[in-house]
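There are 4 protein chains.
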Amino acid sequence: MVGHGFMGAAHSQGWRVAPRFFDFPRPIDMAVLVGRHDPDSSARRWGWGEAATDWRDVVARDDIDIIDIVTPGDTHAEIAVAALAAGKHVLCEKPLANTVAEAEEMAAAAERAASVGVRAMVGFTYRRVPAATFARDLVAAGRIGDIRQVRAEYLQDWLTDAEAPLTWRLKKDLAGSGALGDIGAHAVDLTEYITGQRVQTVSGILETLVAERPLLAEGVGLSGTAAGERGAVTVDDVALFTGRLSSGALASFEATRFRTGRKNALRIEISGSLGAIAFDLERLNELEFYDGTLPGTEQGFRRILVTEPQHPYAGAWWPTGHALGYEHGFSHQAYDFVTAIATGTPPRPSFADGLHVQRVLDAVERSSEASSAWTAVEN
Amino acid sequence: MVGHGFMGAAHSQGWRVAPRFFDFPRPIDMAVLVGRHDPDSSARRWGWGEAATDWRDVVARDDIDIIDIVTPGDTHAEIAVAALAAGKHVLCEKPLANTVAEAEEMAAAAERAASVGVRAMVGFTYRRVPAATFARDLVAAGRIGDIRQVRAEYLQDWLTDAEAPLTWRLKKDLAGSGALGDIGAHAVDLTEYITGQRVQTVSGILETLVAERPLLAEGVGLSGTAAGERGAVTVDDVALFTGRLSSGALASFEATRFRTGRKNALRIEISGSLGAIAFDLERLNELEFYDGTLPGTEQGFRRILVTEPQHPYAGAWWPTGHALGYEHGFSHQAYDFVTAIATGTPPRPSFADGLHVQRVLDAVERSSEASSAWTAVEN
Amino acid sequence: MVGHGFMGAAHSQGWRVAPRFFDFPRPIDMAVLVGRHDPDSSARRWGWGEAATDWRDVVARDDIDIIDIVTPGDTHAEIAVAALAAGKHVLCEKPLANTVAEAEEMAAAAERAASVGVRAMVGFTYRRVPAATFARDLVAAGRIGDIRQVRAEYLQDWLTDAEAPLTWRLKKDLAGSGALGDIGAHAVDLTEYITGQRVQTVSGILETLVAERPLLAEGVGLSGTAAGERGAVTVDDVALFTGRLSSGALASFEATRFRTGRKNALRIEISGSLGAIAFDLERLNELEFYDGTLPGTEQGFRRILVTEPQHPYAGAWWPTGHALGYEHGFSHQAYDFVTAIATGTPPRPSFADGLHVQRVLDAVERSSEASSAWTAVEN
Amino acid sequence: MVGHGFMGAAHSQGWRVAPRFFDFPRPIDMAVLVGRHDPDSSARRWGWGEAATDWRDVVARDDIDIIDIVTPGDTHAEIAVAALAAGKHVLCEKPLANTVAEAEEMAAAAERAASVGVRAMVGFTYRRVPAATFARDLVAAGRIGDIRQVRAEYLQDWLTDAEAPLTWRLKKDLAGSGALGDIGAHAVDLTEYITGQRVQTVSGILETLVAERPLLAEGVGLSGTAAGERGAVTVDDVALFTGRLSSGALASFEATRFRTGRKNALRIEISGSLGAIAFDLERLNELEFYDGTLPGTEQGFRRILVTEPQHPYAGAWWPTGHALGYEHGFSHQAYDFVTAIATGTPPRPSFADGLHVQRVLDAVERSSEASSAWTAVEN
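Chain order of the listed sequences is A, B, C and D.
Quick note: the first sequence uses the numbering used here, first residue 8, plus one each step.
Quick note: the second sequence uses the numbering used here, first residue 8, plus one each step.
Quick note: the third sequence uses the numbering used here, first residue 8, plus one each step.
Quick note: the fourth sequence uses the numbering used here, first residue 8, plus one each step.
Bound-form chain A, shown alone (with noise of 0.2 Å):
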């Protein structure tokens, strides 16, 4: 695994955890963590049986199989491009690159690996909460009928602050994009994978709210203690956007940093013809589904708790009722990885699908610098 941030201790416990519950085709070894300033610690801490400085000598090894990467967005395209080429299987935490241009790159190297067998896969892990699973099975079964309109968005609030310091995610060369990319991409994966559809148009606008904020005197992560000076925010901290589906139907997405009280409030909404899914992040385990077919008096929104063995990857795990977090989502990635590439089957979400949401978010770039005139996401 490249990378020992917060996302590097997510991966890492999916990866402990996952063969403990899910039988896999093949055991896992947590061999090495690659990591520039003193990943030892980190090894220990989370279990890996070496520590590395520089991640190519640990893509040259023989007896590595899987490269796990979840570094800053800018180096995805280098370690994953190199690895692909020698052969590793690569799971790439999202967003896939901080531009298309990057992103086609690894879209094109995952398509040169498939043709040898070697997987990618991009980690887009909100898909596998149980209850975004179950959703899209409701919707591919067609217990909603013709989605008639989405509304997908991700609010946070740890910007709320105007004092809150200037970290990595708020530098356009670090991060690629402020909310739009962080969390936007989110809300668009998770609209395209639930629906089955693609954003083929946009119109958009992303918003600075705070221009300047105090320069981050030291510390990692989400959060740091400010030092005096102050630099300029060079991203967005809210993006708002309408897309147009595959097909037709509009979806409105918004990704914010500054919904006061919202923390992690990934929520999707679907109507359709015959009914209608709502899913919140916060609430995990729940499952709204609307079912428009029943008599008219009996007919409303249903909490459907997530958890029943039958529902997807929740059998695994512990008896009905008994809550899921925020980190199970990867021990089902890191499974369903493996299988795939067991199993010989291409992994989803692809290279080119996460190459897809780059390109929708560049699209919503684009529209945001033309009056939000409506923008087609290239193809």
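If you are wondering where the hints come from, they were derived from the structure by calculation, not from laboratory data.
A virtual CB, placed ideally from N, CA and C, is assigned to each residue, including glycine.
Just to be clear, a hint being listed does not mean it is correct.
[Stated by the list, open to error] Counterexamples of contact, computed for chain A against chain C with all Cβ distances above 12 Å: (1) Arg27; (2) Arg158; (3) Ser379.
[Unchecked claim] If you anchor each label on the Cβ, the simulated ranges turn out as follows: (4) D:Glu219 with B:Glu376: 36 to 42 Å; (5) D:Ala377 with B:Thr106: 57 to 63 Å; (6) C:Ala67 with A:Ala377: 36 to 42 Å; (7) C:Glu57 with B:Pro34: 32 to 38 Å; (8) B:Gln317 with C:Pro316: 32 to 38 Å; (9) B:Asp61 with C:Glu57: 53 to 59 Å; (10) C:Ala383 with B:Gln317: 35 to 41 Å; (11) D:Leu301 with A:Lys179: 39 to 45 Å; (12) B:Ala147 with C:Arg373: 29 to 35 Å.
With chain A held as given, fit chains B, C and D onto it using these hints.
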């Protein structure tokens, strides 16, 4: 109408509004308001044709068809019995009476009156909240199967403040009982109404949490200005009891004025072999319904907005999704009562129903005095 | 009162009930109901003294002080301008008019009338739901700090069925616009009311999801029997738009009749630097308030039951915890309007406010025709 | 660790994961899994170093420091007493034992062991859900004032189906009791933990709703295949009881496996003179808090997402808003237990705490047999 407290306002609103939305078989004339202390201003305010101070005079009048009794419970029996004897149809606010003996007398009078086509009904209006009526319909149609358990509670918090004054509702001689009779009665009636069963034996405890309160200097109703002296609270603040229904199922009850933060939470949840229903008066336009016959992965409590034209009473009011309020039940009650009179149908809840509720409350009091031993409800 | 559709019933209920609960400075006499087709039965049902077929006759009468207009939007301007010219106070249901030009004419007439003490008000009653008024009070008191973002949506689903008939609300010549003007107008007004700001530029899209529907054989109002032939839907089913407020904050809007399972969900969430408020008309007795100045571990959205005596309007009705319904706003409106007339205070929302909303809607239409380009709202 | 059912998986997950997120004072080695029937596969699956079939052998080993007991309740006493006598620290899953006598023996053994620094703890892990711990903190800090009432319930529905098989949990000789001991014990412990008080007298009833069930053909755990024959259910399906706490306040309890649609709803609401708290295990990342000291118009139940770094345990895991699941409590338990051992602090809940809960359950059984008469809990 006899009486002019808070209930007088609610009943007046019912009589005034109902004929605008429901097709009454006979025209309604709000003739006389009776009150001991200056009924004129109330009569003007609420739209009664005239005011009087002695109910006996009104009961004796030929031009009066219906007597609506909204006085405190200690006067119900005398007025109702006299009115029925005079051939007036009687709508009597709950509780039917402050003692079982009085209630028995009233029920006997109602039975005699019925033989000559004179009708009597007791005012448990919460039966007539559309969601509650619809819950009864679902249960009666077998949609939740055999009833396994009932939880019914009526939670308020207006006595949480130990310095709240000693109103008439806290004195046994006027109010009969405290939380038990005032709000517990609703929980019992709603349980019996929706299940179609009767509570037959009970075990319970009554408790007064704050034994002394400031005397009320002036003011009436639910609140009032506190004076310097203190007096004893002679009714219960909390009633906790369990009852066994006709079918053998257990129902657990709570009536309290000390559940901090709960303002008017009359809630009932009925669990059956095929499903469940849940209702909360604080969200009175909603009914939750769990259908256990759906596929296992799709079961969940469904929030039904009970505002469809096909729902009970709802079609007479506003379009789908437009909320009704507390007072609409009084219109439904007025309409149902007059319709029953016109069609010669015995209206429900009858005085016999009201007597039965009194007997349940009485059995709870006796159980409480007997170390909560199981105590039969009289027949 | 001129007009006798669903809004006629609601306004009649307001005029009838309000004086029973609020102290009106002048007595209210529900004198004449005007309707083109058989107004007599409506007049009787709703309690108007007499009926008439030509509003011009009524406007000319000396014994009429107030004209309440509840006809479809295409007739508002003519009636209102004539009534104001005749010295009648005018309450006009929203939308103020079907075109900006008409609305401008009305606002000008209202301004002229105001100079001689004749008052005009537009009927955005949702401002007068206690929870909405209280939200405005909290925002005005600075409890959520500087406004950072607004999300306002009005979600219905009564057109989800593609076979629902072509009522007058789906025809541009009668209704002016579709979801945009009918319900989007409420979302705009509520946003401007609570924030105290105005929408200044917009970017948006209007969409008709079902282009043809069965002609309406008979019946009026929101539903009706479907005939064999089909006609074109000439208004929008869905309106998605973003607006920039006076302070620069972005507000995102959605008005739709295709959000399956949402019956009457006028929702607004306002995020500020110190807190947030959230409201949903489907639970109109509740307001959610997030206070970001509390200790970090104790912050959360707080469900306030807006039924306390100290809450706006609530004290005039029932005790704490007793729900109000949809129609109570019409009583509040009647009371506020008459009070404004009596005290010589300009009532709000004024015709100028209503005109501004029309201009916002107009800008949305123009933006939609210009590939969603940002478009200034006229001044 | 001794035992390898569902609880074995949960405890293993706790031991495995906790050291990755918490700083343990001593390294953890998951040495031996003991099981009577083929423990090898469980040991491999859950990551134990080796497997054994006789716990006596393991208790005798010098290289073992901690014995974690997750067997059915009838074996707890023998194992725990022997382990403590051998100087092993003991973590014992709840209920402490199936009889009060056994629990007394265990508590005595724990007291003896404590005098030589050997520690014993009982596994009421729900105390260690961050929201529950935080609830305790709020109550201890006086934020809800004097406790006035408690409602604690643990609702499940897995026996609603009358054809569900007769598992060991339905046999008195193995399980000790039914809903009362299995889940009612959690409701009692959580009440005592959060309030800091003890249940001193009780009145209650135990009820078996389905008296006979199909014998279990094969399978273990919560479900299993049904065979043709039937056997008697010898434990309670439902337990309803009221307890009086040390302060005199009443607490009302319900434990049931027949509340249709409720999957794992351990709920507690504590009402105090200054506020209230409410918790539901089905939404375990949330705590509702009502602060009665706020201005009257602003009071309401506040949904706190208990995922802030300053909340108990939460800071060790993921960023704000990222949900924890059922199993995280087992990590917290492992960490707290090892920390208590290392620092020489008596861990809680102690065996004495567990014994007290058993005595409460025993008093409920005796009350049930005595017509629900109030019955003192032994000391």
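Exercise. Where does the structure disagree with the numbered hints, that is, which hint numbers, in rising order?
Worked result: 2, 3, 5, 6, 7, 9, 10 and 12
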